[in-house]
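Novice: Note that the protein sequences, when read in sequence, are chains W and Z.
With our numbering applied, the first sequence covers 3 to 91.
With our numbering applied, the second sequence covers 1483 to 1653.
These aren't lab readings, by the way, just hints derived from the structure by calculation.
Treat the numbers as computed from the prediction; the structure is a model and nothing was measured.
Hints may be right or wrong, so weigh each one.
Some chain W residues judged to face chain Z by a derived CB distance under 8 Å, without partners named [stated by the list, open to error]:
1) Thr5
2) Arg8
3) Leu10
4) Ala14
5) Met20
6) Tyr24
7) Leu25
8) Gly57
9) Ala58
10) Thr62
11) Ile68
12) Ile72
13) Trp78
14) Leu79
15) Gln87
16) Leu88
For glycine and all other residues, C-beta sits at the position ideal for the given N, C-alpha and C.
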Amino acid sequence: MKTPGRILMILAVCAFVMGITYLLVNAGTSGNSTNAVGFGRVEFRGEHGGGWMFGAIKNTGIVSIIVVSIVLPKGWLRKRKLAVQLAGE
Amino acid sequence: MSQNEIKTRNQTKTKLWIDIAIFIAFLIAMDPRSSGIAIYEWLATSLIAALVVHLLLSWDWTVQSTRRFLGSLNSQMRLNYILNWLLFVDGTVIMLSGFVISESLMPFLGIELPRNFAWRSLHDLSANLFLVLLGLHTALHWTWIVNAFKRYVFQPIARIVSTRSRKDLTA
């Protein structure tokens, strides 16, 4: 299948997931529709402590912690396995 | 070097740079105050194109894994496959909920969607979940990332530096 077909396929699956989500959310919260003041993006109204730099560092930190907590033990296990194999030979 | 090898090399290089761009754009999008609402919404929307390219570059892997999922796929590949689907679904939910609560993009396009507070919570929840999934995705592809960085970033830089220092010595 050529690239345009693949793009269409990706977008079709995306539209399917969006459709299901839209139905689920609206079915679960029917009648709660609002245009009230204060509904919008509160994160854009004034400072909420910390500033954007803190947010970026925090998010990078979270990703780094997850990566380190998986990659390091995996590396140790591989080394240990290799050492046991070498000792067995 | 064969045509196939050149093609794979170029694909890997493109994928690396696109992934770096997606990662940086995602970090900016995760912190909307850094850019302002209009840039934030347009940037997040443009991420769709970047993600489609990312998926296209991994197309062969996705097709092969889908075919082998119930059969001979090893446990790490299977975990990776499930995680990629979760990322895809979660990314789609972020996009949709973002469109519904949009304050700049949708009004600009003249589209009005019924809003309720559930969409806001869903947007925040799915974005936080995406961050965790992204961490797991990065961890599972760590070896690829390190190798690609070595080959396409560090080695070319080292080559440039060594050529320059050699030129300086001969001058």
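Novice: Now look at each hint and say whether the structure bears it out.
Specialist: Here's how the hints hold up against the structure:
1. Thr5: Holds: closest Cβ of chain Z sits about 6 Å from W:Thr5, inside 8 Å.
2. Arg8: 6 Å, holds
3. Leu10: Check failed: Cβ of W:Leu10 comes no nearer than 10 Å to chain Z, outside 8 Å.
4. Ala14: W:Ala14 check fails; min Cβ-Cβ to chain Z is 12 Å, beyond 8 Å.
5. Met20: Holds - the Cβ of W:Met20 comes within 8 Å of chain Z, reaching about 5 Å at its closest.
6. Tyr24: 6 Å, holds
7. Leu25: 11 Å, violated
8. Gly57: For W:Gly57, the interface hint holds, since the closest Cβ of chain Z sits about 4 Å away, which is under 8 Å.
9. Ala58: 5 Å, holds
10. Thr62: 6 Å, holds
11. Ile68: Interface hint status for W:Ile68: holds (3 Å vs cutoff 8 Å).
12. Ile72: Holds. Min distance 4 Å.
13. Trp78: Violated. Min distance 14 Å.
14. Leu79: It is violated, given that the least Cβ distance between W:Leu79 and chain Z is near 12 Å, above 8 Å.
15. Gln87: 19 Å, violated
16. Leu88: 21 Å, violated
Of the numbered hints given earlier, the model fails hints 3, 4, 7, 13, 14, 15 and 16; all others are met.
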